[in-house]
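Chains as they are written, first to last, in the working numbering: chain A, 1 to 192; chain B, 1001 to 1461.
It should be emphasised that the hints constitute simulated quantities derived from the structure, not laboratory data. Don't take each hint at face value.
As a list, the in silico DSS-like pairs of lysine-lysine whose alpha-carbon atoms are at most 30 Å apart [stated by the list, open to error]: (1) A/Lys16 with B/Lys1188; (2) A/Lys48 with B/Lys1320; (3) B/Lys1188 with B/Lys1320.
In silico negatives: residues of chain A with every beta carbon more than 12 Å from chain B [claimed, not checked]: (4) Gly9; (5) Ala126; (6) Glu144.
Label pairs and their computed distance ranges (CB to CB) [unchecked claim]: (7) A/Lys6 with B/Ala1270: 32 to 42 Å; (8) A/Lys189 with B/Thr1323: 47 to 57 Å; (9) B/Ala1318 with A/Met1: 34 to 44 Å; (10) B/Glu1021 with A/Lys48: 41 to 51 Å.
These figures come from a predicted structure and were not determined experimentally. From the three backbone atoms N, C-alpha and C, an ideal C-beta is built for every residue, glycine too.
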Amino acid sequence: MTPFVKHSGRVAPLDKADVDTDQIIPKQFLKRIERSGFGEFLFFDWRKDPDFVLNRPEYQGASILVTGPNFGCGSSREHAPWAIQDYGFRAVIAPSFSDIFRTNCLKIGLLPVQLPEATVRELMRADEVTVDLDRLVVSADGVEHRFEIDEFSRVNIMEGLDEIGLTERREDAITAFESTRPDWMPTVKGMR
Amino acid sequence: MPKTLASKLWDSHVVRQAAGEPDLLYIDLHLVHEVTSPQAFEGLRLAGRRVRRPDLTVATMDHNIATSRAERPDEISQLQMRTLEENCRAAGIRLYGVGSRHQGIVHIIGPELGLTQPGMTLVCGDSHTSTHGALGALAFGIGTSEVEHVLATQTLPQRRPKDMAITVDGELPLGVVAKDVALGIISKIGVAGGQGHLVEYRGSTIRGLTLEGRLTVCNMTIEGGARAGMVAPDETTFAYLEGRQFAPRGAAWEQALDHWRRLVTDEGAAFDREVVIDAGRLEPFVSWGTNPGQSVPVTGRVPEPGSETDERALRYMALKPGTAIQDISLDRVFIGSCTNARLEDLRLAATVVEGRHVHPKVRALVVPGSMSVRAAAEAEGLDKVFLEAGFEWREAGCSMCLGMNPDILQPGERCASTSNRNFEGRQGAGGRTHLVSPPMAAAAAIAGHLVDIREFPGQAG
Ligand code: SF4
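If we strip away everything but chain A, and leave its shape as in the complex, we get (with noise of 0.2 Å):
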């Protein structure tokens, strides 16, 4: 995981509701088995567009992205992520995120950062924010916002800490679980 402390950069306002996973990273590039190099692909369609927000001038090397709200849903493809986090993006800033969306924006450190819409507005204006995870606070033309976000993502993110490595710690806890599993319940053998 990318850890994220705290990032300064220039914004890329994306005024839209609803923006799916289909836009951010359509299907026809979910068929690579790498985890890189999907940035290029980044909202494909859209970017065939002269005037979209990426394509403009003033954007260009932004690294943070300002958009509306439910962003990320549809689809629980990860590759969404990815390819916001490859082509530049350090955090995304929305009214509301969809749930599996801004799970797996926390897994690889790519900061979802909630904020009411009329602050996101705002921001969608300014030319350069700061996200300060440390702090909980954005910050644009001297102005400070707090967000929040649990404890331990906040965490997790700043230390950029394997969360599989957490979890082989309770390996206890899982192996004592495991001996309470019903002998109903089925199990599958593989065929080699």
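Here the structure of chain A is known, so what remains is to put chain B with the ligand in place on it, guided by the hints.
Coordinates of chain B with the ligand only, in the frame set by chain A:
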């Protein structure tokens, strides 16, 4: 304290609970497919980890697969499928791959094989994992990092979502089926309405649905923004499961039943949110826009845009406000997907098309959800009904639901589809999707435009 069904399922799978941390949940069954798993297996390899419980993991190929023998998947698709095969072989995971008589869409084969059972936790790297909740399981979609986590530890750290009850009461009018219940719910609560919640579907209408109908309703839970939807198991559930390949037998069956019968929301248990829907007022639904919440009854018209999102949707769909839904003509019809490609769906559609012919300008496709569904349909002669009516009869897979294989819409083509998503480009770049039930799709294929199944000749009522 009285508990909800979701609480019972959640609490009985907590491996470890600590203040300030998400609960660590045990996962009883992990389903895997070719698209969202390769990077997870690769991650395990890079970290020197093994699959902890290959015996609680089952894989299938569905998204990329060709649905016609004449076609071959492209090179990259083939590589992705081969990668799944190698990963399963190396880890000792059962794979229902190309050529297996049980191969099919992951959310169709789980219930069909009796793998999905009441009381389980079940995950898959796919948002429509909510489908499995129809059997009284806690089932939700996850991303690839979480797939890797489950492969390595058979657990997932999760925060407990809130509880939401969606109660549908009353008798469904003729011509109104499970798909219309699902679309009706989403047009009421909106595409983000269930965010942060676990949904329990309740009420006499839900109890009256067949298990297959419940699968359709739970399938579309994610389209209303909730990760998981469930129905308390009852006699319908038990009758469906009994005798299936992985269902318990003999004394074990009795033991399981004892346990399953307790999986109901206790009298007096509180939900954080409740929505009530009167089934008697539902009609066959048709989506007009680019998300499933943008749907209206078939007797309706394309609405005036109420937001920028609506305007964009109308532009993409090339529709004018005020157009009668039934005046929308079609190029393609797709009957398939994990929403509506089970035997019951195909039977409903076949009843409509029997003895009729697909409109000459429409190309129509039936893609059974699994090879077992296909075989069962053929045993009843449904393939002949479809073929004689001018439908193509394909092999199992996701197919035109998302068009990762060659089954796609061409730019500008308009399709009535029994699938679950009408997002821009979902069925092919520039393609336009109208979500409908299987009987509505079948009738539309015959008529060449969207039509009200209730007024379709022979379907009176
Ligand atoms: S049928 Fe469609 S929705 Fe279902 S798993 Fe396949 S692609 Fe996803």
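Hints, verified against the model:
Under the criterion of a C-alpha separation no larger than 30 Å, the hint pairing A/Lys16 with B/Lys1188 is consistent with the structure, at around 21 Å. Using a Cα cut-off of 30 Å, the hinted pair A/Lys48 and B/Lys1320 holds, with the two alpha carbons roughly 24 Å apart. Annotation: proposed proximity of B/Lys1188 to B/Lys1320 holds, straight-line Cα distance about 23 Å (limit 30 Å). The Cβ of A/Gly9 sits about 24 Å from the closest Cβ of chain B, beyond the 12 Å cut-off, so the non-interface label holds.
Every beta carbon of chain B lies more than 12 Å from that of A/Ala126, the smallest distance being close to 21 Å; the non-interface claim holds. Chain B leaves A/Glu144 outside its interface by the beta-carbon criterion, the shortest separation being 25 Å against a cut-off of 12 Å. One distance hint, 32 to 42 Å for the beta-carbon pair A/Lys6 and B/Ala1270, holds here, with the actual separation near 41 Å. In this structure the hint that A/Lys189 and B/Thr1323 lie 47 to 57 Å apart at CB holds, the actual value being about 56 Å.
In this structure the supplied range 34 to 44 Å holds for B/Ala1318 paired with A/Met1, their Cβ-Cβ distance being about 43 Å. Look at B/Glu1021 against A/Lys48: about 44 Å separates their beta carbons, and that is inside 41 to 51 Å.
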